[in-house]
Amino acid sequence: MLGVFSFGIDLGWALLMIPLLPLLGFLVLGLFGRKQIKQSSGIFATSLVLVSAFLSFHTAYGYFFKYGKLEGVYQKIIPIQFTWLQFSPGVSIDMGILLDPISVMMLVVVTLISLMVHIYSLAYLKGEERFPTYYSFLGLFTFSMLGLVVASNIFQMYIFWELVGVSSFLLIGYYYDRPSAVAACKKAFIVTRFADLGFLIGILILSFYAGTLDFNTLILKLTTTSTPEFLSATAASFMGISALTWALVLVFIGGAGKSALFPLHVWLPDAMEGPTPVSALIHAATMVVAGVFLVARLFPVFSMSAPALELVAFVGIISALFAALIACTQTDIKRVLAYSTMSQIGFMMFALGVSGSGGENGLGFTAAMFHLFTHALFKALLFLGAGAVIHFIHSNEMKDMGGLRKYLPITHITFLIACLAISGVPPFAGFFSKEEILLAAYQHNATIYWIALITSGLTAFYMFRLYFSIFWNKESLAHESAHGEGGFAMMLPLVLLSVGAAAAGFIPFGDFVSSDGKPLESVFHWQFSIAPIALGLAGIFTAMWLYKKQNNRSDTIAHSLSGLYKLAFHKFYVDELYLFITKKIIFNLVGRPAAWFDKNVVNGLVNATGNSTLFISEKIKGFQSGKVQQYAIYFLAGVIGLAILFIYVWK
Amino acid sequence: MMEPGLYHVLIISTALFFIGVFGFLTRRNLITMLMSIELVLNSVNINFIAFNKYAWPNKLDGLFFSIFVIAIAAAEAAVAIAIIINLYRSHQSIDVENAADLKF
Chain A
640 MLGVFSFGID LGWALLMIPL LPLLGFLVLG LFGRKQIKQS SGIFATSLVL VSAFLSFHTA
700 YGYFFKYGKL EGVYQKIIPI QFTWLQFSPG VSIDMGILLD PISVMMLVVV TLISLMVHIY
760 SLAYLKGEER FPTYYSFLGL FTFSMLGLVV ASNIFQMYIF WELVGVSSFL LIGYYYDRPS
820 AVAACKKAFI VTRFADLGFL IGILILSFYA GTLDFNTLIL KLTTTSTPEF LSATAASFMG
880 ISALTWALVL VFIGGAGKSA LFPLHVWLPD AMEGPTPVSA LIHAATMVVA GVFLVARLFP
940 VFSMSAPALE LVAFVGIISA LFAALIACTQ TDIKRVLAYS TMSQIGFMMF ALGVSGSGGE
1000 NGLGFTAAMF HLFTHALFKA LLFLGAGAVI HFIHSNEMKD MGGLRKYLPI THITFLIACL
1060 AISGVPPFAG FFSKEEILLA AYQHNATIYW IALITSGLTA FYMFRLYFSI FWNKESLAHE
1120 SAHGEGGFAM MLPLVLLSVG AAAAGFIPFG DFVSSDGKPL ESVFHWQFSI APIALGLAGI
1180 FTAMWLYKKQ NNRSDTIAHS LSGLYKLAFH KFYVDELYLF ITKKIIFNLV GRPAAWFDKN
1240 VVNGLVNATG NSTLFISEKI KGFQSGKVQQ YAIYFLAGVI GLAILFIYVW K
Chain B
2 MMEPGLYHVL IISTALFFIG VFGFLTRRNL ITMLMSIELV LNSVNINFIA FNKYAWPNKL
62 DGLFFSIFVI AIAAAEAAVA IAIIINLYRS HQSIDVENAA DLKF
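In the order they appear, the protein sequences are chains A and B.
Quick note on numbering: the first sequence equals residues 640 to 1290 in the numbering used here.
Quick note on numbering: the second sequence equals residues 2 to 105 in the numbering used here.
Bound-form chain B, shown alone:
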């Protein structure tokens, strides 16, 4: 049985990143888009942890950064959900297609 190395982890995080990007670009529901962003952020977290573990095992910078990213993600989710609720109140919908008021 093979030990999982840096490359395996990077492949997972890349896949996760593009799944998130794809979801962000194709979903029409704002909540789902928010969830896709969480996937992108988590793929970044995985990258931080992986590089920290495999490249500089005796340092903690990557860990700290991933904790920051988690905190920011939580704050961002709170703000985004507040925006979505307000949007729902004014447009009676959370479809991103309907939120196109800022066009030319």
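Pulled out of the complex, with its shape left as it was, chain A reads as follows:
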């Protein structure tokens, strides 16, 4: 049943078009892109996403300012829903659109960043052989991501969750002739898929206890302490932990895999093998925050289980610090950005983890969503800027760069704005969101607050290390082949995003997004901001001192910290640990016995069946001699035998 409730048919169709237009682009370009519309494929896909972005802005305006509020509280509205697969009354996989503040915000973020990346790629990937394929994959990704954020049913979310995984796989492996890209896309897919197993089991447990897959009903049933569903979910326990907590932890494992949180982060740095605009879209702004979105979507349920929330907080803060330390030592600019992404997602996660539900307690929730929003803007900008640098220099390595500010003036300015934003310098966007996160942490957990504070200083340091290494440092290697910044199509997204990164902090975010739908009054305490700003500036000036001019101070420091530096440079050996566990332990202890069993027992049984059949048939095939008279003798013997049987034995 397709129901379009209370807003008229227009809203329903407009909403449906938001995800369906990119899907149309995927289908058309996938089917006809290689031959018929090769030349205009980029323009075609971009215009579809443009319409989609326009519709989501329209939806956001309508939701936040017109029909979203009921008595001062933002409602969860389901304008479209149809039952797709019904298991039993109440349990069904529905396809629908759920509008609430976070999904509407994500609609805007996804379509906006996707549009920017579409425009940017027009120039960045110009002349590529598989240009239309690239745009069709982008369309598939945009479709899946939009489907994920508006999902009204947890299983619908899971379906789109896997679809984003697939499109991420396809896009990382876009340069399929590079072995490193092929390895990276497989790694990304396998690691996230492994984590998704947890998500699936979590869904099954949650839906088993709640008796539904629908988000609204599920949240309602599992957050009202008096319902039988809630009582049974908290009463049942396994290894001393309630079923509800288990389910939430498993769901969180899925989210951690997609969001590249420690220790499931290993795929994200390698995913940088994809084209840079893809990294901006998928591995910085949208897909990797799906885990944060998932926790936020189920936040009311999470807030019923303190242990699960604590896990979220600690995994978040560990990832934030861990990734920031690694980011300080990497030399590949995209990898620095990848670790920085991981660190920022850690910030969002622990903000959710320290948050409570409702009212003033929900500050962490609002802060996480706010940071998600601003981070999408400035991190996409950073990636696109890095793309412009790579486009100019044809290298990812910092040592090949330096002194580029004269050649890339627009990129330089926009990159600087993004660096200031991520470092939390007022009045850029990152300052406001990070401040809220720190405040939320301060109110709830001192340990987390202090680690977060140090991490935000580190953030400023590694971002400006990157900035100075690219644009200052050694005086420019003479770039004779200087061919400009990449044209209008590449500069427009940079400029637009930098406006966003500079100004988005002034949006009164708490008015729109909060844990319970009521506007949250966010008060800024200026005294509180002194410490983070001071640390941020300290980070910036340290980076300036070390990297603005070419010198060997940084090497000296790295040398004096040799142990820690080496550890961070080798990413704390997590990759090696994974390889050790898989190759040495799992392969030897599980793989080899399984292979032996397969070879000898399973294969042996099959071969034995075949061999014995062959043996027996060799023995008895002489009976079929082709001679009629022999057959007649057998027949006669049979008849006589039966006759004797019936006459003498059987009576």
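Bear in mind the hints are in silico, worked out from the structure with no lab data behind them.
Certain hints may be false.
[Stated by the list, open to error] What follows is a list of derived Cβ distance ranges for each label pair: (1) A/1262 / B/62: 33 to 43 Å; (2) A/1288 / B/23: 37 to 47 Å; (3) A/1260 / B/4: 53 to 63 Å; (4) B/27 / A/1261: 15 to 25 Å; (5) A/1236 / B/27: 57 to 67 Å; (6) B/62 / A/1282: 19 to 29 Å; (7) B/64 / A/1266: 33 to 43 Å; (8) B/54 / A/1260: 28 to 38 Å.
[Claimed, not checked] Using 27 Å as the maximum straight-line C-alpha spacing, the simulated DSS-like pairs for lysine-lysine come out as follows: (9) A/1260 / B/104; (10) B/104 / A/1266; (11) A/708 / A/825; (12) A/1258 / B/54; (13) A/1113 / A/1223; (14) A/1187 / A/1205; (15) A/715 / A/1266; (16) A/1157 / A/708; (17) A/1157 / A/705.
Don't be surprised by glycine CBs; every beta carbon is placed ideally from N, CA and C.
Based on these hints, arrange chain B on the given structure of chain A.
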């Protein structure tokens, strides 16, 4: 002089049956084998007639059955001879030993 009874007739038909079976199993010529089958069928006919006459003299079922058997025997002979002619065309022989193409 003794009247011939049921047993005499049955002995004849049994002898005829086994002569037919023996011929079918030992002859190599297909025509002769066909003739042996006719002997087997006729021994059955004799049995039908004999039982009808001696056991149920006022019924006619046995007679009817033997007429059916004669009709079927005629049809069977026609089919068998057609097969034999075709076999001769392809194998240049009607020796049953040579018609062993349907072996394993």
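Hints, verified against the model:
1. A/1262 / B/62: 33 to 43 Å: holds, 39 Å
2. A/1288 / B/23: 37 to 47 Å: Because 27 Å falls outside the window, the suggested range is violated.
3. A/1260 / B/4: 53 to 63 Å: holds, 56 Å
4. B/27 / A/1261: 15 to 25 Å: holds, 21 Å
5. A/1236 / B/27: 57 to 67 Å: Since residue 1236 of chain A and residue 27 of chain B have Cβ atoms about 59 Å apart, the given range 57 to 67 Å holds.
6. B/62 / A/1282: 19 to 29 Å: Given range 19 to 29 Å: holds, Cβ gap about 23 Å.
7. B/64 / A/1266: 33 to 43 Å: Distance hint for residue 64 of chain B, residue 1266 of chain A holds at roughly 38 Å.
8. B/54 / A/1260: 28 to 38 Å: violated, 49 Å
9. A/1260 / B/104: Within the cut-off at roughly 9 Å; holds.
10. B/104 / A/1266: It holds: about 8 Å lies between the C-alpha atoms, which stays within 27 Å.
11. A/708 / A/825: violated, 44 Å
12. A/1258 / B/54: Violated. Residue 1258 of chain A to residue 54 of chain B sits at ~51 Å, over the 27 Å cutoff.
13. A/1113 / A/1223: violated, 45 Å
14. A/1187 / A/1205: holds, 23 Å
15. A/715 / A/1266: violated, 84 Å
16. A/1157 / A/708: holds, 9 Å
17. A/1157 / A/705: holds, 15 Å
Hint violations for this structure: numbers 2, 8, 11, 12, 13 and 15, all remaining hints satisfied.
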